[in-house]
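Asks: Protein chains in written order, with our numbering: chain A, 1 to 233; chain B, 234 to 339.
Careful: at least some of the hints might be erroneous.
[Said to hold, decoys possible] Chain B residues, not near chain A, derived (Cβ > 12 Å throughout):
#1 ASN235
#2 GLU236
#3 GLU298
#4 THR325
[Claimed, not checked] Below, in silico cross-link-like pairs of lysine to any residue (SDA-like), each with a Cα-Cα straight-line distance of 20 Å or less:
#5 LYS251/B <-> SER283/B
#6 LYS251/B <-> ALA60/A
#7 LYS303/B <-> LYS25/A
#8 LYS251/B <-> PRO119/A
#9 LYS303/B <-> ARG111/A
#10 LYS303/B <-> GLU43/A
#11 LYS12/A <-> ARG63/A
#12 LYS303/B <-> ARG56/A
#13 LYS303/B <-> THR183/A
#14 LYS303/B <-> ALA237/B
#15 LYS303/B <-> ALA57/A
#16 LYS303/B <-> GLY71/A
#17 LYS251/B <-> LYS188/A
#18 LYS303/B <-> PHE69/A
#19 LYS303/B <-> GLN67/A
#20 LYS25/A <-> ASN44/A
#21 LYS303/B <-> ASN44/A
#22 LYS303/B <-> ILE232/A
#23 LYS303/B <-> ALA197/A
#24 LYS303/B <-> GLN68/A
#25 LYS303/B <-> ASP190/A
#26 LYS25/A <-> PRO36/A
#27 LYS251/B <-> ASN235/B
#28 LYS188/A <-> MET118/A
#29 LYS12/A <-> THR183/A
#30 LYS251/B <-> GLY302/B
[To be verified] Simulated restraints, written as ranges between beta carbons of each label pair:
#31 GLU43/A <-> PRO273/B: 26 to 34 Å
#32 ASP282/B <-> SER64/A: 55 to 63 Å
#33 ASN136/A <-> MET238/B: 55 to 63 Å
#34 LEU284/B <-> LYS12/A: 36 to 44 Å
#35 ARG97/A <-> VAL269/B: 27 to 35 Å
#36 GLY277/B <-> ALA191/A: 54 to 62 Å
#37 GLU203/A <-> PRO273/B: 39 to 47 Å
#38 GLY335/B <-> ALA60/A: 13 to 21 Å
#39 VAL184/A <-> GLY277/B: 25 to 33 Å
#40 ALA271/B <-> ALA100/A: 36 to 44 Å
Think of the hints as simulated: they come from the structure by calculation, not from any bench.
Built from N, CA and C at the ideal position, the CB exists for glycine as well.
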Amino acid sequence: MPDVVLITGTRKGIGRYLVDHYLAKGCVVAGCSREPFEGPVPENYFHFIADVSDERAMIAMVRSVQQQFGGLTVLVNNAGIAAMNHLVLTPMTTVQRIFATNVFGTFVALRECAKAMMPARYGRIVNFATVATPLNLEGEACYAASKAAVESLTRVAARELAAFNITVNAVGPTPVMTDLIRTVPKKKMDALIGTQAIRRMGEHRDIANVIDFFVSRDSDFITGQTIYLGGIN
Amino acid sequence: MNEAMADLKQRSFEIVSKAVVELAEDMGFPALVSPVDATPLFGGDDGIDSLSLVRLVADIERAAERELGKAIVLADERAMSRRNSPFRTVGTLSELLYERAGESHA
Numbered sequence: 001m002p003d004v005v006l007i008t009g010t011r012k013g014i015g016r017y018l019v020d021h022y023l024a025k026g027c028v029v030a031g032c033s034r035e036p037f038e039g040p041v042p043e044n045y046f047h048f049i050a051d052v053s054d055e056r057a058m059i060a061m062v063r064s065v066q067q068q069f070g071g072l073t074v075l076v077n078n079a080g081i082a083a084m085n086h087l088v089l090t091p092m093t094t095v096q097r098i099f100a101t102n103v104f105g106t107f108v109a110l111r112e113c114a115k116a117m118m119p120a121r122y123g124r125i126v127n128f129a130t131v132a133t134p135l136n137l138e139g140e141a142c143y144a145a146s147k148a149a150v151e152s153l154t155r156v157a158a159r160e161l162a163a164f165n166i167t168v169n170a171v172g173p174t175p176v177m178t179d180l181i182r183t184v185p186k187k188k189m190d191a192l193i194g195t196q197a198i199r200r201m202g203e204h205r206d207i208a209n210v211i212d213f214f215v216s217r218d219s220d221f222i223t224g225q226t227i228y229l230g231g232i233n
Numbered sequence: 234m235n236e237a238m239a240d241l242k243q244r245s246f247e248i249v250s251k252a253v254v255e256l257a258e259d260m261g262f263p264a265l266v267s268p269v270d271a272t273p274l275f276g277g278d279d280g281i282d283s284l285s286l287v288r289l290v291a292d293i294e295r296a297a298e299r300e301l302g303k304a305i306v307l308a309d310e311r312a313m314s315r316r317n318s319p320f321r322t323v324g325t326l327s328e329l330l331y332e333r334a335g336e337s338h339a
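So here's chain A without its partners, still in its complex pose (with noise of 0.2 Å):
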């Protein structure tokens, strides 16, 4: 029986990249995003349209997959927002909206997708952190502070879920050339990747990656790790 991975934010970006990497590799791939998945839906991908943040919508959606397809295997919390500003001039609906998305969502996608594993008494969840959050970057007060809950969330939900033969992990990724960093200047950018030990912009296949070591049913054994790209730590 092929792997149902379930990915949240796929519309664009990274999450569509993975729509196309875990079905070639023959998996039954759902996704979320709050707009329509954009150009031809490939076979074997089923969209929602759900914003990770707001509950009801997700458990409706994680139980329509877990209906549809007998279960569910894989989570790829992938869904995130980002807003960089100074923290002096950083609205409080900005603070809000990055943590509805990136801990809240990810918090209801994680808890209703366990429910959905625990019958088989397998899964495995993929969180999306940042080097931002070890690099304490400066004007990335609020989205480093939302993926630092995110790594914690990680960490104690890989404790909770072990017995069920759930494992939960993370992954780091540096900048790579998405929405979220569109409008970072090339100056701020080049002086974060000099940061780096491998100076280079991330890539889609060195997030997917890290994510097929962590899904893998070979790292049964790897839970509550935050791998960060390009040599942050």
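Given chain A, work out where chain B should sit, using these hints.
Replies: Then chain B, alone, in the frame of chain A:
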């Protein structure tokens, strides 16, 4: 209580009881194999551990979806903030499921 409500109440008890029996058989809880309203579940000296409660709640939500056609979250804010935990006994948990099933939409 009208007939539909009485039926839902009975079905809620049956869903909870069935999930409790399955848990009891899998995990070896002899005190839970014949559940009645007063059967202790969680929170006292008797009953199940927290991990078993997690499994039980997930099992009941799934069964409610399957048998009642309703998406229910038992561990919501209202349930968790009650002075008396709804997870104490088979009866209190059945009552919680009955309440949520009565108010939720398919």
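Asks: So which of the earlier hints does this model not fit?
Replies: 3, 6, 7, 10, 11, 13, 17, 21, 22, 23, 25, 26, 27, 28, 31, 32, 35, 37, 39
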